[in-house]
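From first to last, the protein sequence lines stand for chains A and B.
One rule links them: number in the working numbering = place in the first sequence (from 1) + 485.
One rule links them: number in the working numbering = place in the second sequence (from 1) + 485.
Honestly, the hints are just simulated from the structure, not real lab data.
Be aware that a few hints might be false.
Straight-line alpha carbon distances no greater than 27 angstroms define the calculated DSSO-like cross-link-like pairs of lysine-lysine that follow [what the hints assert, rightly or not]:
#1 K553(B) - K582(B)
#2 K546(A) - K514(B)
#3 K582(A) - K514(B)
#4 K546(B) - K514(A)
#5 K553(A) - K574(A)
#6 K514(B) - K574(B)
#7 K514(B) - K514(A)
#8 K550(B) - K514(A)
#9 K553(A) - K514(A)
#10 K514(B) - K550(A)
#11 K553(A) - K514(B)
#12 K553(B) - K514(A)
#13 K574(B) - K514(A)
FRET-style restraints, in silico, Cβ to Cβ [said to hold, decoys possible]:
#14 E541(B) - S557(A): 26 to 32 angstroms
#15 N534(B) - V602(A): 27 to 33 angstroms
#16 K514(A) - I540(B): 20 to 26 angstroms
Each residue gets a CB set at the ideal place from its N, CA and C atoms; glycine is no exception.
2 protein chains.
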Amino acid sequence: MIKKPITDPEVCTGNIRAMTDALESLGGKWRLLILHYLLVRADENNTFNKIEKDIEGISAKMLSKELKILESNLLVSREVQQSSPVTVKYNITEYGKQVRPVIAALVNWGLAHRMEVFQ
Amino acid sequence: MIKKPITDPEVCTGNIRAMTDALESLGGKWRLLILHYLLVRADENNTFNKIEKDIEGISAKMLSKELKILESNLLVSREVQQSSPVTVKYNITEYGKQVRPVIAALVNWGLAHRMEVFQ
DNA sequence: GTAAGTACTAACCAGGAGGTAACTTAATGA
DNA sequence: TCATTAAGTTACCTCCTGGTTAGTACTTAC
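Using the sequences and the hints given, assemble the complete structure.
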């Protein structure tokens, strides 16, 4: 029930910009799904192929592209492992873990919405 | 720090579906901005033209389309007022107010992200 | 030498999201 | 009579997202 900060016009325009920023960085079909995947599997050996197989429906092209963007936004780390053949390990960064509340809010809303709309 | 529900594979697939649902219903460039607008101005006289003028950059076409979708998802109410010319009042529903945590999470993340990326 | 595994990349394409501008309908007021 | 206002709608266009299919570079195993 934080009334003042939300209704204050100045804070509001800041909030709108913040939300636009967030939608820009986290929007799209795959980005939050990838982050969710890596969040649940932090510190596991999340290689490119493993992620591609586990996230239903994603193509190599999209995975590669989205991982690059997430990496450039410091949300995901990329580590080449000198095995043979060379594998690449992706993990969520400590900073990236801050998306947890966003994902939690969406998951909660999604669960409640399914209840509401489909009885 | 809810570990069990998040790492439990069965709950996880449910979570993924929930998040997909949420992204489907709330995704896109305008929907959350409209909901944010109506959330801040609950019970005000939010007519079509007023919303169109206040939300920077949105066109009548997009506003009309998105409001229809939000209404069909029970997030927004539409009320025709018998003035002349006839005006239409839009408001967020009680159910729609449940998006508040989603918006709050995005706003918080957006603010923090701006700090991180732009120092 | 060839097949398979890993991590991509390139080329091509379709659909849809979203932008722009003009038009509609109905009532009112000058 | 003409302009104005509110709430859309329609037609048209563009660009981006994302899908599909191949192909590349490298290394090891057979």
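Comparing the hints with the structure gives:
Distance restraint check for K553(B) and K582(B): the Cα-Cα separation of roughly 17 angstroms lies within the 27 angstroms cut-off, and the hinted pair is therefore satisfied. Distance check on the hinted pair: K546(A) and K514(B) sit about 24 angstroms apart at the alpha-carbon level, within 27 angstroms; holds. A distance of roughly 24 angstroms separates the Cα atoms of K582(A) and K514(B); the hinted pair therefore holds under the 27 angstroms criterion. Between K546(B) and K514(A), the direct Cα distance comes to roughly 24 angstroms. Compliance with the 27 angstroms bound is thereby established for this hinted pair.
Restraint check: the Cα-Cα separation between K553(A) and K574(A) comes to about 13 angstroms, which is no more than 27 angstroms; the hinted pair holds. With a C-alpha separation of about 22 angstroms, the suggested pair K514(B) and K574(B) falls inside the 27 angstroms cut-off, and the hint holds. Note on K514(B) and K514(A): the hinted pairing holds, with a Cα-Cα distance of about 13 angstroms set against a maximum of 27 angstroms. With a CA separation close to 21 angstroms, the supplied pair K550(B) and K514(A) stays within the 27 angstroms bound.
Restraint check for K553(A) and K514(A): satisfied, since their Cα atoms lie roughly 15 angstroms apart, inside the 27 angstroms limit. Distance check on the hinted pair: K514(B) and K550(A) sit about 21 angstroms apart at the alpha-carbon level, within 27 angstroms; holds. Taking the CA atoms of K553(A) and K514(B), the gap is near 22 angstroms; set against the 27 angstroms cutoff, the hint holds. In summary, the hint linking K553(B) to K514(A) is supported, as the alpha carbons are separated by about 22 angstroms, within the 27 angstroms threshold.
For a cut-off of 27 angstroms, the pair hint linking K574(B) to K514(A) is broken: about 32 angstroms separates their Cα positions. Range check, E541(B) to S557(A): Cβ separation about 27 angstroms, and the 26 to 32 angstroms hint holds. The given range of 27 to 33 angstroms is respected by N534(B) and V602(A), whose C-beta atoms sit roughly 30 angstroms from each other. Between K514(A) and I540(B) the Cβ separation comes to about 24 angstroms, which falls inside the hinted range of 20 to 26 angstroms.
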